[in-house]
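Add chain B to chain A, keeping to what the hints say.
Just so you know, the sequences run in chain order A and B. The first sequence begins at 1 in the numbering used here and counts up by one. The second sequence begins at 1001 in the numbering used here and counts up by one.
Check the hints yourself; a few may be wrong.
[As the list claims (entries may be wrong)] With a cut-off of at most 20 Å between alpha-carbon atoms, the simulated DMTMM-like pairs for lysine to aspartate or glutamate come out as follows: (1) K1094/B with E1119/B; (2) K1074/B with D138/A; (3) K1074/B with D183/A; (4) K1107/B with D138/A; (5) K1094/B with D1063/B; (6) K1290/B with D1327/B; (7) K222/A with D138/A; (8) K1074/B with E1053/B; (9) K1313/B with E1248/B; (10) K103/A with D1015/B; (11) K1313/B with E1279/B; (12) K1313/B with D1292/B; (13) K103/A with E1053/B; (14) K1238/B with E1178/B; (15) K1238/B with E1151/B; (16) K1181/B with D1015/B; (17) K1111/B with D1125/B; (18) K1130/B with D169/A; (19) K1238/B with E1175/B; (20) K1238/B with E1260/B; (21) K1238/B with E1279/B; (22) K1107/B with D1165/B; (23) K1104/B with D183/A; (24) K103/A with D1054/B; (25) K1094/B with D138/A; (26) K1181/B with E1017/B; (27) K1181/B with E1119/B; (28) K1107/B with D169/A; (29) K1104/B with E1151/B; (30) K1249/B with E1267/B; (31) K103/A with E1329/B; (32) K1094/B with E1151/B; (33) K1203/B with E1175/B.
[To be verified] Heads up, incomplete: computed chain B residues facing chain A, CB under 10 Å, no partners named: (34) L1077; (35) S1078; (36) F1081; (37) P1099; (38) A1108.
These aren't lab readings, by the way, just hints derived from the structure by calculation. Every residue gets a Cβ at the ideal spot worked out from N, C-alpha and C, and that includes glycine.
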Amino acid sequence: MARAVTNQRKATNTLFAWAIGLLIFFPILWTILTSFKTEAQAINDPPIFFFFDWTLENYAAVMERSDYAKFLWNSIIIAVGSTILGVIIAVPAAWSMAFVPSKRTKDILLWMLSTKMLPAVGVLYPIYLIFIQLGILDSRIGLVVVLMLINLPIIVWMLYTYFKEIPVDILEAARMDGASLRDEIVHVLTPMAIPGIASTVLLNIILAWNEAFWTLNLTAAKAAPLTAFIASYSSPEGLFFAKLSAASTMAIAPILIMGWFSQKQLVRGLTFGAVK
Amino acid sequence: MGRFVLDKVSKSFGDTEVIPPLDLTIEDGEFTVFVGPSGCGKSTLLRLIAGLEDVSGGQVSIDGQDMTSVPPAKRGLSMVFQSYALYPHMTVRKNIAFPLRMAKMDKAEIKKRVDEAAEVLNLTDYLHRKPGQLSGGQRQRVAIGRAIVREPSAFLFDEPLSNLDAALRVGMRLEISEMHKRLATTMIYVTHDQVEAMTMADKIVVLQAGVIEQVGSPLELYRAPRNVFVAGFIGSPKMNLLTGPEAEKHDATTIGIRPEHISISNESGMWEGTVGVSEHLGSDSFFHVKCDAFEHPLTVRAGGELQMSYGAKVFLTPDAAHMHTFDAEGLRIG
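Extracted from the complex, chain A is given alone in its bound form (with noise of 0.2 Å):
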């Protein structure tokens, strides 16, 4: 029997949830808002919600004091870099793990995701003598592979999971059509996989235009990204909320719209495989 659900449960839930989401969602939707107020506005107590000066100065100040493109340009080559990079390392390697798993294949997933747990500050300073050494400080390259590795351990993850609901029948099948190692992988597997490889792709974006210790530990003007950007607004001077709002809201602006857009594949991405 399908459980009943009045009218009243309903709108309290829808209430709820509600509520949760702008709770969630407040400290972006402040930043939004405080990016169009005046300097002395943004720390007026008690604070102002919606009636305050609207203004585009901030956002013109910001626009002035930096180039906004160059940091755009260098957060998207070292997002979509280290995802793409990522995956490809990792599709074959969570092939081999869902499909001709070993006795350690559980273990070494753990291994891997263990490194997640490490603190990054504690491999920082091996990193940078590295980085030194290989003279690639400071440049997009070393970064995408930073983030790359950073992120691998997920995505190896999360295509795994996604493997594991392929039945084994059909790539089978693929090998009796003679197909081989490469044609399966490609023509295949990943055609197969591509719902949970598209929200695996949009995850590691995320997680990679986020991503501020390394980008601002190994980058000084040549490939700062967004995330730089950010930060060179809550420097010495003095602290200009208004001005950091801006900026903030111009970093996450790119990453949110995709994020809208693309919602329904990253839910279904992420519960993929709980229900079946």
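What follows is chain B alone, placed relative to chain A:
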């Protein structure tokens, strides 16, 4: 061409030996059925031939060539899976064309062959559909289409009809037999259904616990089962297997008599008993008769019109010419 020789082929998963070393020869053009209860290793044996599993020992040769360590893609065999295993993201046309594409055949030839296969299998109207939009029977046809386009040296079928409903199953059984007559290609077919085995096979291989119990034509197996297991497995309804003093009269531990080789009468006969459940199929009637001489009731086949009421007293007489006798090890005496 497709002649298979298995030489001392064995398979273990970890410490469990599922197939002890066995020898088997399958002649070119033969329709061979592997039959046995579930878990008897018949599918594993097929997968060893396909190359989808590695053998733990022994040698698999096809047409005189050692194929033991050749990957499945290079063995030149086609396989139809129980689950059909169609590529869900491809249309029917692309599914059938896939093996040809893998063989790097040119596009015009691929199109021609796919159209031909679709024609034969009544799939022409469905070529643009995806497998998800097809019925079970149509999916099965696509799976078969994908297997035949390549003109393999042999077809392997792994319980291909178990997911179909009864009526469709009988139809597909005929179609597969028809296809075998037309193509004259070796076919190896795995099933747990002895009716499928009897109706389709040139040669039946009966397996139990990874061991070959008997190899022979359907009628050889029916007429002269090598042991009690084969006797009980082949034939429907099952052969009556009787033990006790009656068996000892024939110097045997077990005697076997098929339901169709017992006559039933109201007046006189060798064994006296009472009628239990009757099953009327129209063409035949089956009576389950409890005799004092035996522990289990006997199944008897009679004409379709014969009526016997529940609890009626009857006499049964076995046809001595069709009696099977088995020794203490279960092996056939005569």
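Here is what the structure says about each hint:
1. K1094/B with E1119/B: Holds - the C-alpha atoms of E1119/B and K1094/B are around 15 Å apart, at most 20 Å.
2. K1074/B with D138/A: Roughly 50 Å between the alpha carbons, so the hint for K1074/B and D138/A is violated.
3. K1074/B with D183/A: holds, 14 Å
4. K1107/B with D138/A: Violated. K1107/B to D138/A sits at ~50 Å, over the 20 Å cutoff.
5. K1094/B with D1063/B: violated, 30 Å
6. K1290/B with D1327/B: Since the Cα atoms of K1290/B and D1327/B sit roughly 24 Å apart, the hinted pair is violated (cutoff 20 Å).
7. K222/A with D138/A: holds, 6 Å
8. K1074/B with E1053/B: holds, 14 Å
9. K1313/B with E1248/B: violated, 25 Å
10. K103/A with D1015/B: holds, 14 Å
11. K1313/B with E1279/B: holds, 17 Å
12. K1313/B with D1292/B: holds, 12 Å
13. K103/A with E1053/B: Given that 20 Å is the threshold and the Cα spacing comes to 18 Å, the pair holds.
14. K1238/B with E1178/B: violated, 28 Å
15. K1238/B with E1151/B: Violated, at roughly 39 Å.
16. K1181/B with D1015/B: Violated: K1181/B and D1015/B sit about 42 Å apart, past 20 Å.
17. K1111/B with D1125/B: Given that 20 Å is the threshold and the Cα spacing comes to 15 Å, the pair holds.
18. K1130/B with D169/A: holds, 18 Å
19. K1238/B with E1175/B: It is violated: about 27 Å lies between the C-alpha atoms, which goes past 20 Å.
20. K1238/B with E1260/B: holds, 10 Å
21. K1238/B with E1279/B: Status holds; Cα separation ~14 Å.
22. K1107/B with D1165/B: Since the Cα atoms of K1107/B and D1165/B sit roughly 37 Å apart, the hinted pair is violated (cutoff 20 Å).
23. K1104/B with D183/A: holds, 12 Å
24. K103/A with D1054/B: This hinted pair holds, its Cα atoms lying about 17 Å apart.
25. K1094/B with D138/A: violated, 48 Å
26. K1181/B with E1017/B: violated, 37 Å
27. K1181/B with E1119/B: Holds. K1181/B to E1119/B sits at ~18 Å (cutoff 20 Å).
28. K1107/B with D169/A: violated, 27 Å
29. K1104/B with E1151/B: Roughly 15 Å separates the two Cα atoms, so the pair holds.
30. K1249/B with E1267/B: violated, 24 Å
31. K103/A with E1329/B: violated, 41 Å
32. K1094/B with E1151/B: Holds, because 17 Å separates the two Cα atoms, which is no more than 20 Å.
33. K1203/B with E1175/B: holds, 18 Å
34. L1077: holds, 7 Å
35. S1078: This hint holds: S1078/B lies near chain A, its Cβ roughly 6 Å from the closest one there, short of 10 Å.
36. F1081: Given a least distance of 5 Å, the restraint on F1081/B holds.
37. P1099: Check passed: Cβ of P1099/B comes within 4 Å of chain A, closer than 10 Å.
38. A1108: violated, 19 Å
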